[in-house]
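A.B. asks: Given next are the chains, with one letter for each unit.
Protein chains: 2
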Amino acid sequence: MSAVFKQHVRKLVDVSEEELTAILPFFETLTPAKKTNLLEEGKVCKYDYFVVKGCLRLFFVNNKGVEKTIQFAIENWWIADYTSLQLQIPSEFYIQAVEKSEVLAISVSDRETMLARYPKMERYFRLVHQKAHAAAQYRTRYQGDYSKEELYLHFSRSFPEFVQRVPQHLLASYLGLTPEYLSELRARRIS
Amino acid sequence: MSAVFKQHVRKLVDVSEEELTAILPFFETLTPAKKTNLLEEGKVCKYDYFVVKGCLRLFFVNNKGVEKTIQFAIENWWIADYTSLQLQIPSEFYIQAVEKSEVLAISVSDRETMLARYPKMERYFRLVHQKAHAAAQYRTRYQGDYSKEELYLHFSRSFPEFVQRVPQHLLASYLGLTPEYLSELRARRIS
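Protein chains in written order, with UniProt numbering: chain A, 1 to 191; chain B, 1 to 191.
Read the hints as simulated data drawn from the structure, not as lab findings.
Since no wrong hints were added, every one of them can be taken at face value.
Identical copies carry no separate label here, and so any pair may be met within one copy or between two of them.
Keeping only pairs whose Cα atoms sit at most 30 Å apart, straight-line, the calculated DSBU-like set for lysine-lysine is:
#, residue 1, residue 2
1, K100, K64
2, K148, K68
3, K53, K100
4, K68, K34
5, K34, K53
6, K148, K43
7, K64, K131
8, K43, K11
9, K131, K68
10, K131, K53
Pulled out of the complex, with its shape left as it was, chain A reads as follows (with noise of 0.2 Å):
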């Protein structure tokens, strides 16, 4: 399991065999079964969570009761509240595992034990935090200009594999779209 991170760190920052070993132990690691939540509303987000394998899903429950998904995490992504784990305040969020995942879930004040004792990993989360802020740049700037049949076309072509794999329900909820708009607009894709 610890191979799927370490190639992951390895893959930005320059890191040792050695350091990578020591740095284990820092995490635990999880094995939610499906539908099992991580972190609910109300509650303080008490870790960092890295997929090795499986699917995460940061959601809220909007005042009309229903489920919004916002964030999806798959293999090689981390996912937190992360205005609740660094002020330690509660959460507005759920996360819950979409499917039976395996996960590296870190405290914030192992991580900082960790990130002293090898400053290298600032610059790994520092990139991991540029990437999702960049993210998120694009996704709002897709969402104010693209219709939501051109908002599923841009998001299925740009991430093939994620649409096949995401419950459809999950899929319409992050995109804004209702479950029905959804099955139609795939209906006239395969047709």
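Chain A is already provided as a structure; the job is to place chain B on it using the hints.
C.D. replies: Frame of chain A; chain B shown alone:
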């Protein structure tokens, strides 16, 4: 001018006056006049910008020719198209001075040299991007939950100085409201 930047770095990381003095020459100082473009669509984003004084905005022109603002940066905020900056590919955004501003600009190659020499700054940028990533999560949450009116009220309660300062048509564009609806909301609050 550099005092603002030094203070911001010191707030986030433990760095000496000597180190800060050695870091500053990696930046260029710019003083764009109101409406100056620091980045244009189709060009590569060459600099990461720190606002010392004034206000910059990141926007795109949608397929109907309308400008849509997706981020503002006032004092102590960084702004760039981080996809274009990191990959050195053409941008789909503009960055423009909302008012006459004072800005520190660092090129991607100077930033790399600086980070290699002063690895503490990796932590600084990690915290900056983590905060931006966190803000994007909550922005998406509120946009998916609040009515247009609630969105404006939430924003004006959270960032009162900001609402006073940014031209109303730009604020409307950022919040996804028409300028007419925004002035109606403001009038209703005042009365």
